[in-house]
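Chains as they are written, first to last, in my numbering: chain A, 1 to 444; chain B, 1 to 315.
It is worth saying that the hints were derived from the structure and are not from the lab. Heads up, a few of these hints could be off.
To be verified - Pairs of lysine to aspartate or glutamate residues, derived as EDC-like cross-links and limited to a Cα-Cα distance of at most 20 Å, are as follows:
id, chain 1, residue 1, chain 2, residue 2
1, A, 422, B, 176
2, A, 153, A, 171
3, A, 300, A, 128
4, A, 269, B, 161
5, A, 92, B, 176
6, A, 195, A, 128
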Amino acid sequence: MKQFESLTGKQLSRRQLLTGSALLGGGLLATGLTGCGGAAQATTVQDIDFWHLLSGGDGIKMQAMINSANQANPGFKVHPTVLAWGPPYYTKLAMASAGGRPPEVAIMHASRVPGYAPGGLIEPWDLDLLAENGVTAENFAPRIWEKSQQNGKIFSIALDSHPFVMFYNTDVAGKAGMLESNGQLQEVSSPDEFKAMALEMQKVTKAHGLSFGYLGLGSQMWRLFYTLYKQHGAEIVLTPGQPMKADRDAAIESLEFMASLFDDTIAAKSGDINTGIAEFVRGDSGMLFSGVWELPTMKKAKLPVDAATIPTLFGTPASYADSHSFVLPRQLTVDEEKRKDVYKFVSDVLKGSLSWAEAGHIPAFQAVVQSQAYRDLTPQIHYANAADIIAYDPEAWFSGSGSDWQTYFAEHIQNVLLGRDKAAAGWDGFAARTNNLLSRPNPV
Amino acid sequence: MSSSTMSRRTNQPRTTPKPGAKAGPSLRSSSANLSGWGFAAPFLVFFLVFLIWPLISGFYMSLTGKSLTGANESIIGFANYAEAFADAGMWRSLGNTLYFTVISTVPLVLVALVMAALLNIGLPAQWLWRLSYFAPFLLASTVVSLFFTWMYNPQLGLINDFLSKLGLPKVAWLNDPNVAMWAIVIATLWWTVGFNFLLYLAAMQNIPAQHYEAASLDGAGAWRQFFSITLPQLTPTTVMIVLLQILASLKIFDQVYQMTAGGPGGSTRPVVQYIFETGFTGYRLGYSAAISYIFFGLIVLVSIMQFVITRRRSA
């Protein structure tokens with residue numbers, strides 16, 4: 001009987017629950033209607049979804065640029081979604097595009113476009129519409145505009161180029177007697193000269209001459225390697241179905257030079273990126289190899305810092321770089337009005353990219369680069385020449401920033417840098433891995 | 001409600017109750033059947049939509065060259081399986097997964113047992129011990145990974161700092177291929193041992209006190225009691241914990257992805273990460289599905305072996 005009573009009790013409470021749900025449902029319906037009303041009222045304001053992978057200082061700058069674009073254009077409102085850098089971002093973007101429900105506009109690294117454009121995950125930009133908004137080929141450095149193209153169509157609009165550079169502590173360099181009369185670091189042009197300079201700085205810091213965090217991070221290893229490799233005037237060509245074409249000697253020489261830096265005197269043997277940056281910020285080293293995006297960290301730390309492109313040690317000036325670029329992910333159905341607003345938004349951001357330069361990046365939009373305001377930015381102006389010597393990743397569906405290919409590079413090269421493996425063995429292992437990828441069916 | 005009354009009405013003429021027999025039971029069972037299905041329906045729908053259908057479509061996908069971009073959806077038979085069996089990367093990641101399973105399952109079971117036994121002795125402030133042993137299990141994998149990544153940091157980490165104070169050399173915890181997997185096992189042990197500990201503790205506290213009383217009357221010491229009463233009584237729990245632990249360890253992904261991303265040199269990349277990489281960052285969904293099914297087959301095999309061993313023991 002007791003059980004029966006309790007059941008009745010439950011039935012009653014269930015009824016109450018149902019009543020409650022009905023009320024709640026009604027409430028939700030009312031809210032929904034209000035929402036519809038809101039949307040109906042806002043028909044003139046287009047909501048534009050924008051995905052990007054810019055966090056930290058970059059994220060704050062991007063948000064400021066979005067805000068000013070939104071304020072200047074009452075006809076649309078851009079809603080950014082920030083996703084984690086690297087595979088998580090690119091996986092989500094690819095899946096959303098494959099499903100046909102991606103954001104209206106997104107940021108991609110220019111080096112990843114060859115993995116997206118042929119498969120139809122992104123759509124080409126309309127040059128006429130761009131021109132209507134004041135964006136034409138003449139607004140970009142030839143190297144950057146050329147990189148925007150795939151099969152003769154423009155698939156990405158570069159916001160910047162962000163090279164891998166050398167930061168240096170002017171106090172340390174000054175004490176080491178390494179500064180020129182103009183206050184900038186002396187030029188060195190060979191591996192031995194560079195190491196001698198680092199050792200002089202080490203005498204000042206008593207810790208290390210150079211900081212370079214690389215452990216466990218393929219992208220860092222690749223950035224420095226590719227800079228040095230390209231300084232040999234060498235190329236890497238990746239053609240599906242064919243083995244990789246590369247200059248093995250140049251690769252081995254670059255790797256051997258890198259490994260020789262990590263002797264716990266010039267640079268720490270076991271440094272990851274956090275350790276490397278922390279060491280430089282503490283003043284325990286005179287130089288840091290890193291991306292320009294670290295500049296806000298240095299400024300925040302009030303470090304006496306200047307920067308330059310990585311010295312040309314092997315004959316040909318070159319600097320690894322990539323570009324944050326705007327792309328149009330493939331939509332199931334394109335809303336032409338929204339798309340027009342996207343063009344307006346992108347052109348506004350490009351024209352306002354001086355604020356982006358403050359975060360360390362080199363703006364792609366030439367009007368900004370040539371402005372006096374940009375020329376007044378230091379140390380940005382000291383590495384602005386990088387835009388002329390930048391080396392993008394070799395093109396393949398599997399290469400580019402944050403790609404698995406960089407992870408595979410780390411798998412074969414980390415032990416070389418740690419002195420556990422010969423440079424030749426590491427390079428050959430990486431080449432074999434790359435050839436394996438090239439031999440497989442191209443999925444895009 | 002209306003369907004059950006309908007069925008009662010339609011059934012009524014057909015049921016010809018024998019003299020003296022009650023009509024109730026058959027009526028009750030048919031309506032009970034209906035309400036049974038009704039109760040099971042939400043689960044069945046979920047089961048079909050989220051388990052059976054993906055299982056079938058995943059297998060179909062493994063027979064195609066499907067790419068994330070939607071290209072090559074045509075059936076290519078078992079070519080993906082043939083490629084996977086010849087793929088050194090798959091075997092290596094599978095080997096890493098099995099290696100992790102072996103070296104993590106043993107401490108995860110033994111340490112849990114020791115922790116539960118220590119607590120079962122009757123230490124004071126039981127709640128505090130239970131909480132501190134179990135609390136890490138409640139943390140998210142990202143928190144645990146971040147925590148241990150800092151602890152393991154070669155230059156700034158707490159552990160290396162401690163080692164150098166003892167005059168011992170620093171260890172590249174997550175960057176030495178010989179050490180990285182063990183570093184992940186230590187983090188996993190700290191994080192998840194609490195669950196096994198709780199199962200053991202519950203089982204230990206269910207062993208009747210009379211057994212111990214009788215044993216102590218017979219002169220058995222604490223060790224004797226542990227090996228002759230506690231351990232044998234815990235056998236079903238141990239079997240269950242080992243089974244659950246093996247299956248959990250085989251599915252390792254989160255903490256590896258966050259602490260080493262499969263490195264150094266691919267020495268910690270588990271097969272689940274390999275599946276993720278081939279499918280989502282390498283775009284080859286069909287091939288990735290084929291590796292998933294090979295891994296699925298392995299898990300089924302392990303489960304069958306466990307089942308057979310358990311049955312043989314209990315028989």
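Given pair status - residue 176 of chain B, residue 422 of chain A, alpha carbons within 20 Å: Given pair residue 422 of chain A, residue 176 of chain B holds - Cα atoms ~16 Å apart, limit 20 Å.
Proposed proximity, residue 161 of chain B with residue 269 of chain A (alpha carbon, max 20 Å): 17 Å, holds
Pair hint residue 195 of chain A and residue 128 of chain A, alpha-carbon separation not exceeding 20 Å: Given pair residue 195 of chain A, residue 128 of chain A is violated - Cα atoms ~51 Å apart, limit 20 Å.
Restraint check for residue 92 of chain A with residue 176 of chain B, where alpha carbons must lie at most 20 Å apart: 31 Å, violated
20 Å limit on alpha-carbon distance, applied to hinted pair residue 300 of chain A and residue 128 of chain A: Outside the cut-off at roughly 42 Å; violated.
Straight-line alpha-carbon gap residue 153 of chain A to residue 171 of chain A, limit 20 Å: Answer violated: residue 153 of chain A to residue 171 of chain A is near 48 Å, above 20 Å.
In summary, the numbered hints that this structure violates are 2, 3, 5 and 6.
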